[in-house]
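Here the protein sequences come in this chain order: A and B. Reminder that position 198 of the first sequence reads as 198 in my numbering, one-by-one numbering, no gaps. Reminder that position 43 of the second sequence reads as 400 in my numbering, one-by-one numbering, no gaps.
Source of the hints: derived by calculation from the structure; they are not laboratory data. Misleading hints may appear alongside valid ones.
Stated by the list, open to error - Keeping only pairs whose Cα atoms sit at most 27 angstroms apart, straight-line, the calculated DSS-like set for lysine-lysine is:
| no. | chain 1 | residue 1 | chain 2 | residue 2 |
| --- | --- | --- | --- | --- |
| 1 | A | K45 | B | K512 |
| 2 | A | K45 | A | K189 |
| 3 | A | K130 | A | K297 |
| 4 | B | K512 | B | K415 |
| 5 | A | K278 | B | K427 |
| 6 | A | K278 | B | K415 |
| 7 | B | K427 | B | K415 |
| 8 | A | K271 | B | K439 |
| 9 | B | K513 | B | K485 |
| 10 | A | K233 | A | K278 |
| 11 | A | K271 | B | K427 |
| 12 | B | K427 | B | K439 |
| 13 | A | K239 | A | K278 |
| 14 | A | K233 | A | K214 |
| 15 | A | K277 | B | K485 |
| 16 | A | K277 | B | K427 |
| 17 | B | K415 | A | K271 |
| 18 | A | K189 | A | K239 |
| 19 | A | K239 | A | K130 |
| 20 | A | K271 | A | K297 |
| 21 | A | K45 | B | K513 |
| 22 | A | K130 | A | K233 |
| 23 | B | K439 | B | K485 |
| 24 | B | K513 | B | K415 |
| 25 | B | K521 | B | K485 |
| 26 | A | K278 | A | K297 |
| 27 | A | K325 | A | K130 |
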Amino acid sequence: MSTPGERVLIKGNEAICRGAVDAGCQCFFGYPITPQNDIPEYMSKVMPNLGRVFVQAESEVAAANMLLGAAACGIRAMTSSSSPGISLKQEAISYMGGTELPAVIVNISRGGPGLGDIGPSQGDYYQAVKGGGHGDYRQFVLAPGTVQEAYDLIGKAFDLAFAYRNPVMLLGDAIIGQMMEPVTLGSNKETESNSPDLGWNLTGKGQRDPRLLKSLHLTDGALAGHNLRLRDKYASMEKDVLFENFLVDDAELIVVAFGSIGRIAKSTIRKMRASGKKVGLHRPITLFPFPSRELDKLAAAGKRFLTIEHNLGQMVDDVRLAVRKHADSDFYGQMPGNLPTPEDFEQPILAALGVNS
Amino acid sequence: MSGYQDVIVAGFGGQGVMLIGTLLAYAAMEDGLNVTYMPVYGPEMRGGTANCTVVVSKDDIGSPIIHLPKSLIAMNRPSLDKFQPRVQDGGVVVVNSSLVDMALADTARVQAVGVPANEIADSLGNTKMANMVAIGAYAQLTGVVPLDVLKASLKKVISPNYAKMIPANEQAIQAGADAVRA
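Isolated chain B (complex conformation):
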């Protein structure tokens, strides 16, 4: 399939992994692509990790559930432990190196890229934006959607009550992209 990408976005509940998964899905739609967003709910939600799967394709999408993803965003250690072994060989793994020891990244098998998402978000004034840093880095590494489309989609996922937060979130997305730019 052309233009195909899939990703599992995982972290602690509260790190905003569902939000950046939704943001990526909106951006893909705005970019004219087909996309599915599948939240995982159930027992896992009450345990360690929350996660969602986003599939992006120019063609119509079959499964919205992916066991062996092409890429992963791991916002915490349990997420890396659980999902890294399933990432396809050579797949992109964005690791939140603020919380995860990069020695755990399987660099021999996957393209693991450490991003100190919490530190970068702190430096922009709000540690809660670590998720935006991570999705910016991911978009930069994979080119799945253009950064400007990702930023423009923020207004779709951030409620109007928090519209004043959008410029800072745009900065966080850009900072994440800059952190992984070769």
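Isolated chain A, as found in the complex:
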């Protein structure tokens, strides 16, 4: 447990662990894969010493189903993996979505498809945001851009999971996971949602009425009603949208980028501002719910858009949908396998501005 206000220099992966521990995570179920390995390594050391649970499962599938079990008992629990491992967890995530179970899943994503590489990539945007498993479900998706945000957002992830009874994914990459930055600890707390009886969780029947948690709805019309209720729940998540706007007020062009790419683009924008280019940044922090309303507002104000991602173009679809009444978005894709640098984004930004260089 952290001392409130303590300032430490740690990797993003460790910040996620310390944030989860401070937020009252009672169980961690993991399986090794790079570049998230620091997470199970840290949890294996710390959780048993706190009298909490660490399990290195026999597979990612097992870890995800252990998470489902803990969540069904109303326990604050978490699993982590990297892209291929997250693919293996999708069946359980879909079941948790259908059963409305509060669980936290961390994806420190890597290059793909398939085994890809162990470097940074944003190729898992669709999987995270559109529902990587089967069926009409959504998960809350949080994308930190700094190590401090990784700490803060994992605490928020537990709160959101219990507030909405829904899986929450923290989506980072090898840059966020492996870099070190100073972090001020101690702001994450256990909340009342960690109480033993939440009114729906499995606590041992005793004298109370039985409870049933399931994602199977076979009676006539039952599934339709369930799905419509889920739809309303997902729509209600919009009130928890998070984003960062940087120098957008007088900007002609707004770069839309999330996570590590968002902060790298910030360096490019600072440099281009110094030469008088009116460029700003919109960095979605929640990828689902997406900050569509804010982007629509910016579009209505006459801004133009360039979406930059570390993939072939995924979030750009959501940007285009958000701005469609007033504008469109150009796209620049940095390919995974190459480390992105601020210089990489200069030409695409100039091109989007219509400046010949």
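Go by the hints and put chain B onto chain A.
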């Protein structure tokens, strides 16, 4: 950006380049600055060089990955060959002249400073402290963090099991600084 500095620290695996990068990052944090430390891992680690990038700023930091750095610490020749061409004009390049021929330094374009880091470390009794000599020289040349903060941060990066090595490492940092003092 005010108070901004970035550096690529590079050398052979085993020369302790990640350690002095981490030390610099700790010192910057202790000095009240924002800092990022980015290790480069992957194929390069198994090839010639290990390297890390440290960015220090009073303002919040955008990119932790720097293609065109303002400064470089090159502990061996492959590091100088690879990164010197990318250093910005007029940037500071600390070259470990124990292992690198200073004739390779691009003195016309960058401010290259040779430091015989291995010899200095040898003279202090342990050649493994060449990395500390280099980071001392770098801190002295750039003023990115005060030397006393750098020394005080050693206890953060050297495990308690090796605490007895801290005074010698403080000496090595000082010796590096002294070697480049005008």
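Here is how each hint holds up against the structure:
Between the alpha carbons of K45/A and K512/B the distance comes to roughly 22 angstroms, so the proposed pair stays at or under 27 angstroms and holds. For the proposed pair K45/A and K189/A, the alpha carbon gap of about 21 angstroms is at most 27 angstroms, so the pair holds. Proposed proximity of K130/A and K297/A is supported: the alpha carbons are some 23 angstroms apart, at most 27 angstroms. The hinted pair formed by K512/B and K415/B meets the criterion: a straight-line CA distance of about 24 angstroms does not exceed 27 angstroms.
Restraint check: the Cα-Cα separation between K278/A and K427/B comes to about 25 angstroms, which is no more than 27 angstroms; the hinted pair holds. A threshold of 27 angstroms between alpha carbons decides the hint, and for K278/A with K415/B the separation of about 24 angstroms falls inside it, so the pair holds. A threshold of 27 angstroms between alpha carbons decides the hint, and for K427/B with K415/B the separation of about 16 angstroms falls inside it, so the pair holds. A hinted pair counts as satisfied when its Cα atoms are at most 27 angstroms apart, and K271/A with K439/B qualifies at roughly 25 angstroms.
A distance of roughly 18 angstroms separates the Cα atoms of K513/B and K485/B; the hinted pair therefore holds under the 27 angstroms criterion. About 39 angstroms separates the Cα atoms of K233/A and K278/A, which puts this hinted pair outside 27 angstroms; it is violated. With a C-alpha separation of about 14 angstroms, the suggested pair K271/A and K427/B falls inside the 27 angstroms cut-off, and the hint holds. Under the criterion of a C-alpha separation no larger than 27 angstroms, the hint pairing K427/B with K439/B is consistent with the structure, at around 15 angstroms.
Between K239/A and K278/A the alpha-carbon distance is near 30 angstroms, which puts this suggested pair outside the 27 angstroms criterion. A distance of roughly 17 angstroms separates the Cα atoms of K233/A and K214/A; the hinted pair therefore holds under the 27 angstroms criterion. With a C-alpha separation of about 48 angstroms, the suggested pair K277/A and K485/B falls outside the 27 angstroms cut-off, and the hint is violated. Our distance criterion of 27 angstroms between C-alpha atoms is met by K277/A and K427/B, whose separation comes to about 23 angstroms.
A C-alpha spacing of about 16 angstroms is found between K415/B and K271/A, which places the hinted pair at or below 27 angstroms, so the restraint holds. Simply put, K189/A and K239/A have alpha-carbon atoms about 21 angstroms apart, close enough for the 27 angstroms limit, and the pair holds. Our distance criterion of 27 angstroms between C-alpha atoms is met by K239/A and K130/A, whose separation comes to about 19 angstroms. Proposed proximity of K271/A and K297/A is supported: the alpha carbons are some 26 angstroms apart, at most 27 angstroms.
Using a Cα cut-off of 27 angstroms, the hinted pair K45/A and K513/B holds, with the two alpha carbons roughly 19 angstroms apart. A C-alpha spacing of about 15 angstroms is found between K130/A and K233/A, which places the hinted pair at or below 27 angstroms, so the restraint holds. Restraint check for K439/B and K485/B: satisfied, since their Cα atoms lie roughly 23 angstroms apart, inside the 27 angstroms limit. Taken as a hint, the K513/B and K415/B pair is honoured in the structure, with Cα atoms around 22 angstroms apart against an allowance of 27 angstroms.
For the hint pairing K521/B with K485/B, the CA-to-CA distance comes to about 15 angstroms; that is within 27 angstroms, so the pair holds. This hinted pair checks out: K278/A and K297/A have alpha carbons roughly 18 angstroms apart, not beyond 27 angstroms. Annotation: proposed proximity of K325/A to K130/A holds, straight-line Cα distance about 22 angstroms (limit 27 angstroms).
The structure is inconsistent with the numbered hints 10, 13 and 15, although it conforms to all the rest.
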